[in-house]
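Colleague: Listed below, chain by chain, are the residues.
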Amino acid sequence: MADLYLALIVGAFVGTAAGYLGSIMVSRRMALVGDALSHVALPGLAIGLMLNFNPFIGAFAFLAVAAVLTWHIQKRTTLPMEAIIGVIFVLALAIGILITPQVDLLDALFGDISTVNLTDLIITVPVSLLVVMITRAIYDRLVLTMVSGELAMSSGVNVERINLAYLLLVAVIVAIGIKEVGTLLVGAVVIVPAAAARMVGTSLRRYSLMSASFGLISALSGILISGFSGLPAGPMVVISGAAIFAVMLSVRRISPIFHVPVQR
Amino acid sequence: MDEALSVSGLCVKVQGRTLLDGVGFSAKKGETMAIVGPNGSGKTTLFRALLGIVPYTGEVKWGSGKKIGYVPQSLISTDLPISVEEFLRFKCKAGLDRCIGYVGLHKDVLGQQLGSLSGGQLQRVLIAWVIVDNPDILLMDEPTSGVDIGSEEPIYQKVTQLKKSMGMTVLLISHNLHVVMHYSDHLLALNRRQTFYGPTSGLSSSRILGLMYGSTSGIKGLERHSRRPFR
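Keeping their order, the protein sequence lines are chains A and B.
Start counting the first sequence at 1; every next residue gets the next number (the working numbering).
Start counting the second sequence at 1; every next residue gets the next number (the working numbering).
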């Protein structure tokens, strides 16, 4: 039972932070970037497992390097961010598969929140809080760069620095999310709550708060269902999120107050 | 009259390509300067240099304590559930009703999403965003591109009103002969280099069209097509 409580606490913090940051990722049309970045973590996880240190540290190190590399290449070329991450991610995935011990590969790919320990809790809770606080602090500037990069620059926003901070935040959230749902499904914890919130979010504030709340609800419900049914937690978290998405889609169809206007 | 902006010997090179070469002009307080030239002539690059977005050589001297406002051609993305009020609040927390009223919009617009506004409304919101903190100089890059003809004229009339009441200097990029002739005091024509700089009054419409399109051929036909349907 103590393990379930630990899993619930870790899941709640990671789910909320991922949902909150995800609201920016979906709006930047970068929903699948988190998914691609998650694969970059695989070699880091493998090295952590092989050398007997916390795999989160290894995953984060690889993700941070990939984020800085992406930012650097984007500054110097006209390649879209998706293409740059695509190249880096397949390379990392290939290296990861080569070096990850066969026995641990499944855990790395699918995660297992039921095995969280106190060290994971000590790392993920403050890190999640930090992600939420930093995202909140730069949220307006991130949104302004999305609305118009030139408008942001002319208002004194350092767009390059904001983009780097954003990519590093994505790297952190992906690294800690891997423990909850694994490498293959971590993209879902940032995409699904935000996509559900986008269905009914009629203002920026409401959208971001709903995205964070849906992240929290899907993490808690997924872990609880897993705890009582014995089914793996990762897929249950994702399925819970997808169920919220389906409900929001129906609510939006039924209730005219949630109708988001069609873009010009 | 105070000098709001003085530029001399301005050059912009990007990856070895010269985008602007030896541009020099000055703008006085309360005047409107139209910047014209064919596509790719460096008009937007000039604004980007003035705003410090691209590196340049030469001298750009703003009048002391001048606050600059910038209205881009259009927004990159309005695909966000962001209301007009939230957008304006990025810049200013109070006086939004007053500000939206200045640009001729009803305060009900504050609750609407940016993505649901018409082209004319969106441009007015952009102008509201810029004037909300009382700039001294307004840089407008084709502020009515994509706006229907009926909404265009009220926007320029509103800018002229604001300019008079707030004493703003306006630098305006435009491809519209009517706007250039009726709303600008000075004209700066670019084609990578500066091809003309001087008062607008006294210039014939065919001369202005020649400067706008970087050519003197076919000007008569262009002039006929550029006549405004209103007035």
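FYI, nobody ran anything at the bench for these hints, they're computed from the structure.
Since we're looking at a predicted model, the values are computed, not measured.
Treat the hints with care, since some could be wrong.
Subject to a maximum C-alpha distance of 30 Å in a straight line, what follows is the list of computed DSBU-like cross-link-like pairs (lysine-lysine) [unchecked claim]: (1) A:LYS75 with B:LYS67; (2) B:LYS13 with B:LYS107; (3) A:LYS75 with B:LYS61; (4) A:LYS75 with B:LYS91; (5) A:LYS75 with B:LYS13; (6) B:LYS107 with B:LYS163.
Simulated restraints on C-beta separations [what the hints assert, rightly or not]: (7) A:VAL247 with B:CYS92: 52 to 62 Å; (8) B:ASP108 with A:GLU160: 36 to 46 Å; (9) A:GLY86 with B:GLN15: 54 to 64 Å.
Residues on chain A that point at chain B, a partial pick, calculated with CB under 10 Å [said to hold, decoys possible]: (10) VAL147; (11) ARG205; (12) SER250.
We treat Cβ as the ideally placed atom computed from N, Cα and C, and that holds for glycine.
Colleague: Which hint numbers doesn't this structure obey?
Modeller: 2, 7, 9, 12
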